[in-house]
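Q: Here the protein sequences come in this chain order: A and B. Numbering of the first sequence is given in this note's numbering, commencing with residue 907 and proceeding in unit increments. Numbering of the second sequence is given in this note's numbering, commencing with residue 907 and proceeding in unit increments.
Just so you know, the hints here were simulated from the structure itself, not pulled from any lab data. A couple of the hints might just be wrong.
Put simply, identical chains are the same to the list, so a pair is met inside one copy or across any two.
Unchecked claim - Cut-off 25 Å, straight-line C-alpha distance, at most; resulting in silico cross-link-like pairs (DSS-like, lysine-lysine):
(1) K1104 - K1301
(2) K1265 - K1276
(3) K1016 - K1075
(4) K1053 - K1325
(5) K1197 - K1276
(6) K1197 - K1104
(7) K933 - K986
(8) K1082 - K986
(9) K986 - K955
(10) K1083 - K955
(11) K1301 - K1265
(12) K966 - K991
(13) K952 - K919
(14) K966 - K1085
(15) K1301 - K1197
(16) K1083 - K1016
(17) K1083 - K1254
(18) K952 - K1257
(19) K1151 - K1197
(20) K1083 - K919
(21) K1265 - K1151
(22) K1265 - K1155
(23) K1231 - K1276
(24) K933 - K966
(25) K1082 - K1053
(26) K1053 - K1151
(27) K1197 - K1265
(28) K1325 - K1082
Protein chains: 2
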Amino acid sequence: MPPSNVAESKMQKVLDYLRTNQARFIKDLCDYVRFPSVSAQPEHRKDLKACAEWLVKHCKSIGLETRLCATEGNPIVVAKTPRTKGSKRPHFVVYGHYDVQPAEPFDLWKTPPFEPRIEGRSLFARGASDNKGQNLAHLTAVEAYLKTGTELPCDLTFVLEGEEEVGSKSLAGFLKKNKAELLCDAVVISDTGIPSTKLPALTYALRGIAAFEVTVHGPSRDLHSGIFGGSVDNPAMALCQLLAKLRDKNGRITIPGYYDDVAPLSTYERKQMARLPGNDRQYTKFLGVPKLFGERGFTSTEQRTARPTLEINGLTSGYQGEGSKTIVPAWARAKLTLRLVPNQNPSKIVKSTRDYLTKLCPPTVRLEIKSGHGAEPYLVSPTGPQAQAALRALKAAFGREPVLMREGGSIPIVNDFKKQLRADTLLLGLALPDDNAHSPNEKFDLDCFEKGQLMSAHLWQELAR
Amino acid sequence: MPPSNVAESKMQKVLDYLRTNQARFIKDLCDYVRFPSVSAQPEHRKDLKACAEWLVKHCKSIGLETRLCATEGNPIVVAKTPRTKGSKRPHFVVYGHYDVQPAEPFDLWKTPPFEPRIEGRSLFARGASDNKGQNLAHLTAVEAYLKTGTELPCDLTFVLEGEEEVGSKSLAGFLKKNKAELLCDAVVISDTGIPSTKLPALTYALRGIAAFEVTVHGPSRDLHSGIFGGSVDNPAMALCQLLAKLRDKNGRITIPGYYDDVAPLSTYERKQMARLPGNDRQYTKFLGVPKLFGERGFTSTEQRTARPTLEINGLTSGYQGEGSKTIVPAWARAKLTLRLVPNQNPSKIVKSTRDYLTKLCPPTVRLEIKSGHGAEPYLVSPTGPQAQAALRALKAAFGREPVLMREGGSIPIVNDFKKQLRADTLLLGLALPDDNAHSPNEKFDLDCFEKGQLMSAHLWQELAR
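Let the hints inform the model, and build the full structure from the sequences given.
A: Quick look at the structure:
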C-alpha cells in the first residue's frame, strides 16, 4: 500500500471509533456540564475545582499525561499526548475553558441549567456550547487516536482554563511561566461560531480595540444657565462638537492617518465574505434600525468585521433625571472604543487620536483623555498553509465547502498566545448562531459536536502534512 | 406753599417715621424670620400657616384691610390700603412671598437659621433676604404713610404668597379668580438683587426659556460594538453630530431665524450695562474656566442677560460606569434649554428648533423631541415712565445714580401678572450679591432694609406723578 493509503486506513480506525462511541461521548458531555463552574460567582469556587478535577480524571482515562496547575484564580488543566523522546514532530496547543457564564435568570430556563436535557439534536445546559462541548470534541478526537493505537502525526498539549468568562486573568502569567513546554507551531481554539452545519468556517481575523474616556471640563461647578449661560462655553456642547468631528456622515473616521495601515481586503477574502448568509433587509430588521449605516464601498459584513470603527459607548453630563435642570454642566464625558483591523497599531492609533482631539479642543474648555484597555487586531493569512490545512479538515468533517470568516470582536488571549508562544491561532469554532451562549437555554448541537470531533481528528493530519 | 412743597413736607413726615422706627422694624423682621416657613417640607405646613397669620395680624395692625385667602397649597395674604369710594387713583400690586428655602445643611450655619442674629449691619436668618426682609420693607413704607396720616397718591394691594420656592403653583389661579380686584397699573416686586448699596438697580428685562428633551433612537437594544459596530449608526454619535450643528464655534445659534425677533440693545442700554461692576479677568477666575466664551461683539454681561442661548443641560447614553463597555448604545438623549430674549416668541422658537433638528437628523436613526416648560422673555421699556419713576425713587432712597439691569434668568410669575392683570412688573430687588439666598448663613443688609423702605415710600409718589 502506498503511504497515503496507510494513512487513510489508520484514519478510518479513528473515524470509526468516533462514530461508534457517540452515545458515550454525549454521556461524558452531560457529566461535564453538570458542574456549575460559574467563574463569576465566588460561591462556585468549589464547583470549578471539582470540574477541573473531573477533567484531569477524564484526560488521564483517555491516555493523556495530565496535571492540574494552581494559579491565583482557578486551576488550569494541562494534558499532553505521550511524547516520543527526541521526536521533532510539530506541536500544537489546544485551548479551551471549563468555566461558564452565570445561568441567571434561572426562571427563563425551560429546564435547570445544570441538568443536561437532550431534545432532538440539541443538548441544553449552561456551558454546553461555551465552551465544554467544543473542548470535549477535541478531547474525544485525541481519545480516538490513543484508544485505537493510531499514531498522532504531532504532539498535542491541551490547556483548559477556568477563568475565561472573567477575563483570563491567570492565563498570560501561566503561558509565560510554562513557555518552554508550550512553545508550539499553532494554537487551536474552538470557541467561536459558524453560520450553520452546512457552512463550516475558519475565523482567520479579529479586530483589535483601543478604549478611551474623554472628559471636557468647563466651569468649576454646574452653573445656573440663566445667570451665566451665553458667557461661558458649555462643556457638553464642546464635547459634542469634538466628537462630531471624528466621523463623517458616511461612517469614515476622520482621525488623520487612521486608515494608513489598514490591510486592504483581497478579492479572495471579499468573495469568501460574500458567501456568508443573510441580507441587508433581514439585517436591518434584526438590528431594529430605520436604515443601515456604514462606510461606503463595503458590505455590512465587511464593515463590521474588516473595517475599523469609532464608537461612542456612553455619554455622561449634567442633569439626567426627569424634567429639566437649567444648568451649564461643569463637565461632560464620553466613553469611546475604536475597533482596529490588521495592520493598525493600537499605540499609534491611540497617539493620533489623542493628538487630533487635543488639536480640535477649543481653548475655552480643558480636555482630559484617559486611555483604557487595548488589544491588537489579529490575522492568520487566509491563504497560508495552516489556514488551508484547517479548511481541508473542515471540509472532510462537514462534507461542505467551508468559508473564511472575520470576527468583528476581539479575543485578547489570541494576542497572549502570539506574544508568549510566538504561535498563530486557528479559530475553529463549533457554535451555531442560535446556541444562546451567555443566555438562558444555552444548547450545543450534537451534529456540531460529532463533526467537530471529526474535524479535530483530520486537523492533526492536515496540519502535520 | 406751592403743591410741590406741600408734597415734600408730607413726605418728610413719612421719611422721619421710617428713620425713627428702625429698631422696631428690625424687631418685626426678627419676629417674621423666626417662622420656619419652609414650603418644600410638608412638616412645616403649620409653620407656614402661623407665618401667614402673623402677617395678617401685622398688616391689620398697620392699618391695611387684610384677609387670608385659602388655596390648594399655602394661603395667600391680601392686604389693601383703605380705599376712597369712587377714587380713580392709580393702583399698584406689591408681590412678595413669606415661604423660604429649606435651611439644610444645618451644620454649615454659624447660628441656627430661624434664630435671627445681628452682626454689624447684617441680619442673619433663613428668609431674611429672600424674601421676608424685602417685602417687609414695603410694608413699613406703607405703615409710615398710614401711621402719619399721610395720604397715599395711589391704592396699594399686597399679595404675599407661601409657595414661591416651590413654583408658585396656586398663584396663577388666584390671580385669575381675583382679577377684578387685582387689575392694576403695575406690579412691584422686590425679590432680585442689586450690585451694591452704592449701585442701586432696576431690573427691566428677563430672559425667557424653552426646554427640550431630544432622544436619538438607534438599534432596538444595546449592540456588541465588536460584532455589529461599523454596520449600524451610533445614536450617541448621531446625537453629537446633530447638537454640534446647533451652535457655531463663536457661540452663535444656527437654528434658522433664531435671531430674527431679537430686540437689539440700544446705546442707552449698553451704556447702563457697562456701568455694572466686574471685569473679564475676575469673571474668568470666578467661573473657573480657562477662557471666556460667547457670541462675538457683546460683553459678558450682554451675552448672559441680553442675548439668547442654547445650552445642553445634560447628556445620557449607554454605559456610564467605571471602565468600558463595548456597545453601540440603543439610544442617546440630551436635555436642552434655550434662553430667549425680548421679542423672541417661545412657540415660534420651539417650532423652528424642532424643524431644524428634524431636518438635520439622518435616516439611519429615529428622532424624538419632547418640549418641556417654557416662559416668555420679559421687558419693561427702560425709558418708559414707570421705569424712570422707579429710577428716581431709587436715587432718592440710596442717594446714588441707579443702574438699569437685565437678568439672565426667568421669573415666570412676571408673565402671570402680565397675562392675568395686563400689568408690567417693576423688579426693585434689595438683595446684595453676598446675601447667600438659598445657601447657609443667609443674611439681609440692614442698610438695604432701610433704603428699601425709603425707596418704597418714594416710589408711590413717583409712580403716581
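Q: For each hint, tell me whether it holds in the structure or not.
A: Do the hints match the structure? See the list:
1. K1104 - K1301: within (10 Å within a copy, 93 Å between copies)
2. K1265 - K1276: Intra 16 Å, inter 35 Å, cutoff 25 Å: intra-copy only.
3. K1016 - K1075: Neither: 33 Å inside a chain and 54 Å across chains, both beyond 25 Å.
4. K1053 - K1325: neither (35 Å within a copy, 95 Å between copies)
5. K1197 - K1276: between (33 Å within a copy, 23 Å between copies)
6. K1197 - K1104: neither (30 Å within a copy, 63 Å between copies)
7. K933 - K986: Within. Shortest intra-copy distance 23 Å satisfies the 25 Å Cα cut-off; inter-copy 94 Å does not.
8. K1082 - K986: Within one copy only: 18 Å inside a chain, 90 Å across chains, cut-off 25 Å.
9. K986 - K955: within (20 Å within a copy, 86 Å between copies)
10. K1083 - K955: within (21 Å within a copy, 78 Å between copies)
11. K1301 - K1265: Close neither inside one copy (52 Å) nor across copies (52 Å); limit 25 Å.
12. K966 - K991: The answer is within: 20 Å in one copy meets 25 Å, while 113 Å across copies does not.
13. K952 - K919: neither (39 Å within a copy, 94 Å between copies)
14. K966 - K1085: within (23 Å within a copy, 95 Å between copies)
15. K1301 - K1197: Neither: 37 Å inside a copy, 66 Å across copies.
16. K1083 - K1016: neither (43 Å within a copy, 64 Å between copies)
17. K1083 - K1254: Neither. Shortest intra-copy (30 Å) and inter-copy (71 Å) distances fail the 25 Å Cα cut-off.
18. K952 - K1257: The answer is neither: 44 Å in one copy and 63 Å across copies each exceed 25 Å.
19. K1151 - K1197: For K1151 and K1197, both the intra-copy (22 Å) and inter-copy (22 Å) Cα distances are at most 25 Å.
20. K1083 - K919: Neither way: K1083 and K919 sit 38 Å apart in one copy and 99 Å across, limit 25 Å.
21. K1265 - K1151: For K1265 and K1151, the Cα distance is within 25 Å both inside one copy (11 Å) and across copies (19 Å).
22. K1265 - K1155: both (21 Å within a copy, 14 Å between copies)
23. K1231 - K1276: Intra 28 Å, inter 15 Å, cutoff 25 Å: inter-copy only.
24. K933 - K966: This pair counts as within: shortest intra-copy Cα distance 17 Å, inter-copy 95 Å.
25. K1082 - K1053: Neither: 32 Å inside a chain and 96 Å across chains, both beyond 25 Å.
26. K1053 - K1151: Intra 63 Å, inter 70 Å, cutoff 25 Å: neither.
27. K1197 - K1265: Close across copies (16 Å), not inside one copy (33 Å); limit 25 Å.
28. K1325 - K1082: Within one copy, since 9 Å is at most 25 Å while 79 Å is not.
Consistency with the previously given hints fails for numbers 3, 4, 6, 11, 13, 15, 16, 17, 18, 20, 25, 26, ordered from lowest to highest.
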